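Engineer: For reference, the chains in residue letters:
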Amino acid sequence: DAKTTQPPSMDCAEGRAANLPCNHSTISGNEYVYWYRQIHSQGPQYIIHGLKNNETNEMASLIITEDRKSSTLILPHATLRDTAVYYCIVIITNSGYALNFGKGTSLLVTP
Amino acid sequence: GAVVSQHPSRVICKSGTSVKIECRSLDFQATTMFWYRQFPKQSLMLMATSNEGSKATYEQGVEKDKFLINHASLTLSTLTVTSAHPEDSSFYICSATGTFGNTIYFGEGSWLTVV
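In the order they appear, the protein sequences are chains U and S.
By my numbering, the letter at position 33 of the first sequence is numbered 48, and the numbering carries on one by one without gaps.
By my numbering, the letter at position 60 of the second sequence is numbered 64, and the numbering carries on one by one without gaps.
No lab work stands behind these hints, which were simulated from the structure alone.
Heads up, a few of these hints could be off.
With a Cα cut of at most 27 Å, we get these calculated BS3-like pairs of lysine-lysine [to be verified]:
1. S:Lys45 with U:Lys118
2. U:Lys118 with S:Lys68
3. U:Lys18 with S:Lys45
4. S:Lys59 with S:Lys24
Source: prediction; values computed, not measured.
Looking at chain U on its own, in the form it has when it is part of the complex (with noise of 0.2 Å):
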């Protein structure tokens, strides 16, 4: 699986948007980006994944450059629940493998 590069801390006041971004200048044509969220003492909770179109649900919006060598996840407006460790991966879906954890984006939401 290719490899990601995440900024190992940022903060964000609240209600403002969230821009975390990630690098994955490695990744490969049938490989997508995933992000999860891991609060603390929490198992990791599923964000939003893409292939190489924006993607957008309830929770974020998921922005791939064209040549699909970074992306960045954005919430919106963050709240003080949105304070946890970010992590993007990519992998082969339905591949068998599994999600290996770099060391991820730990943001803090602030007053």
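Following the hints, complete the assembly by docking chain S onto the known chain U.
Structural biologist: Coordinates of chain S only, in the frame set by chain U:
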């Protein structure tokens, strides 16, 4: 999304005893389940992958005789930590995927403390 449930959420056991953690997929058939371990302030580390009805595939450095994984049905996998020691104290998390699509879902995690 699909629901994966773990039990117990917290367990304390004495050193030398064995403890079992269950992972259930509540609303889908889990063809593949994964077990992770997470130490404080560290990321999740994959321990093993199990397919229903098959022996688990363990990651390098994970003792298969110590961490027994059973995936006997499409909705249940168990992790048994045998002869537990204090260094086995950790947060254990399972995840599962099925035939419904591309996403892997995680359980709530189980805290194991060995005293």
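Engineer: Hint by hint, say whether it matches the structure.
Structural biologist: Quick rundown of the hints versus the structure:
Under the criterion of a C-alpha separation no larger than 27 Å, the hint pairing S:Lys45 with U:Lys118 is consistent with the structure, at around 10 Å. At roughly 26 Å between alpha-carbon atoms, U:Lys118 and S:Lys68 fall within 27 Å of each other, so this suggested pair holds. Only pairs whose Cα atoms come within 27 Å are accepted, and U:Lys18 paired with S:Lys45 is accepted, the gap being roughly 21 Å. For the proposed pair S:Lys59 and S:Lys24, the alpha carbon gap of about 17 Å is at most 27 Å, so the pair holds.
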